[in-house]
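Protein chains: 2
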Amino acid sequence: MGKVCFGADVGGTSVKLGLFDETGALLDKWEIPSRKEKGQTPVLDDVAASVLSKITEKGLNKDDVIGIGIDVPGPVLSDGTVIEAVNLYWDTVKAKNVMEELTGLKTEIANDANAAALGEMWLGGGKGYNSICMITLGTGVGGGIILDGQIVAGSNGAGGEIGHMLVNYDETEKCNCGKCGCLEQYCSATGIVRVAKRYMAANDTATKLRFIENLTAKDVLDAAKENDAVGVYVLNELGRYLAIACSHVAHVIDVQAFVVGGGVSKAGEVILDAIKKYYPGFCMKAVKNKEFKLATLGNDAGIYGCAKMVLGK
Amino acid sequence: MGKVCFGADVGGTSVKLGLFDETGALLDKWEIPSRKEKGQTPVLDDVAASVLSKITEKGLNKDDVIGIGIDVPGPVLSDGTVIEAVNLYWDTVKAKNVMEELTGLKTEIANDANAAALGEMWLGGGKGYNSICMITLGTGVGGGIILDGQIVAGSNGAGGEIGHMLVNYDETEKCNCGKCGCLEQYCSATGIVRVAKRYMAANDTATKLRFIENLTAKDVLDAAKENDAVGVYVLNELGRYLAIACSHVAHVIDVQAFVVGGGVSKAGEVILDAIKKYYPGFCMKAVKNKEFKLATLGNDAGIYGCAKMVLGK
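Chains as they are written, first to last, in our numbering: chain L, 1 to 313; chain S, 1 to 313.
Because the hints were derived from the structure by calculation, they are not lab data. None of the values given here were measured: they were computed from a predicted structure. Possibly wrong hints are sitting among the right ones.
No more than 30 Å apart at the CA atoms, straight line, and that leaves these computed lysine-lysine pairs for DSS-like [claimed, not checked]:
1. S:Lys38 / L:Lys288
2. S:Lys293 / L:Lys179
3. S:Lys58 / S:Lys38
4. L:Lys285 / S:Lys179
5. L:Lys174 / S:Lys276
6. S:Lys277 / S:Lys293
7. L:Lys285 / S:Lys197
8. L:Lys174 / S:Lys285
9. L:Lys288 / S:Lys96
10. S:Lys106 / L:Lys313
11. L:Lys288 / S:Lys94
12. S:Lys288 / L:Lys174
13. S:Lys174 / L:Lys276
Isolated chain L, as found in the complex (with noise of 0.2 Å):
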């Protein structure tokens, strides 16, 4: 079988895993609960056994294992300490060295998005590319930074945290970090379904949306594909803040491309269309000419950056 490696996507319900070759080929994948006990790791322990019994299972022995990479939803330091992770109620972990310490294998660990952003990068939208911004439109806004191959961590494991950057002055509603005018709040699923419903109540607009009852993103994306115009102005609204915010993220980096991913963006290449519309007129010439693209590992891009976690550059 050759030399092969884990990624394991740790959620607040369940642990993703993965066991890949080299390549990136995926030769397996299960899941496992996420235990939670107040103050204690117990997730830790049973990716652990998981992994472990997965060597026996497959008649593997570790030389064979080049290491396990591990994502979880908080900020993660780059040395493998995780700040907390509120749903896993852990305060902070050296993960790294628990791991490395239960399986005898060498760990990495990152912050999910970031992870996300690295298995884009690698086997999915962002393939060809070593410098990438991730952004995860689902519920909330994620990001991930990829730099000349390598996620950024940030100091406070707060890199690529795109989703709560100012991007409206005049907005008066509250986002749930507690400021008004973040990314998130137009460009969520949950900020879609808000842009659309504020629209409607300010704005007689003949529109479909108004008949639907529980609205959500769908609805909405759906509707501006079929020319819907409240559909058409929230797509544009959302084309525009991303755009804004990709432009900031290439003065600052100027990364090769932008792959958008999570639950909206399967609404397709409108989301792209609207981002591309706008982005160049907030960029000066020099970082005008980036690429969009679509993710395209969906829940897999966890367990897939993980998974290049361990194997390295």
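Given chain L, work out where chain S should sit, using these hints.
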């Protein structure tokens, strides 16, 4: 004398050169003119000759020399290719290769603002940190990003171009870059004067600044220190826009510290105070606490950064 290295800060008019030991002690410093000729790079010949003659003068031999770091005013890729340097009449020049052939010495090349950032991180205002954003407030606004002790050059050599980050969506006057609302329009020396004049034209606030011919940024900031109403207004605008830009940088790469340099920064701590007054209000919790420092190396930041490039981390 032990091992040494050279730094050469190539400007449009002159080249500053420095001879350093491995600890960063500046052993000698001199200048030569920047010779320019369309389609050629005579200044590199002159820098090479100057370095080689300094080696002879000091009784060194080439084995004592770790290398030469050079910075130029233009975008530079991480492989040492200069894309263009308008003020030197350069198109694309593989400057690293050219210098290595001319001198037989290891050479590293960077953009001048990026080299200055590295210098300030090493032995200036950013000493003690390894990830900083340097902001240079001069005729324009330049910037440089250092992550984990390394310059972020960017895929088009545009890393750290924060002067052209869009910070005001309502601006109607154009920046030199062609768009409206760039940081540079409020925080450069020119921008400070522009903001003051615009405010005075629109308001009849009593201010000593009305009576100054050929108003300069120094006049405006001096007035702010004396509590002059217009001076205070402009300083607040300066602080607010810099705080916005810093917040964007922080949400992207979560640096440890911001270092503010350039002629405008000679106004001193009032600049940092103005930024710190607004900065936390634009940030999510994880990036609220950052250090803000004044640059300390002045015009020598470039040669220090150049030296550090060849010395390595």
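> Looking back at the numbered hints, which does the structure fail to meet, lowest number first?
Replying inline: Violated hint: only 3; rest satisfied.
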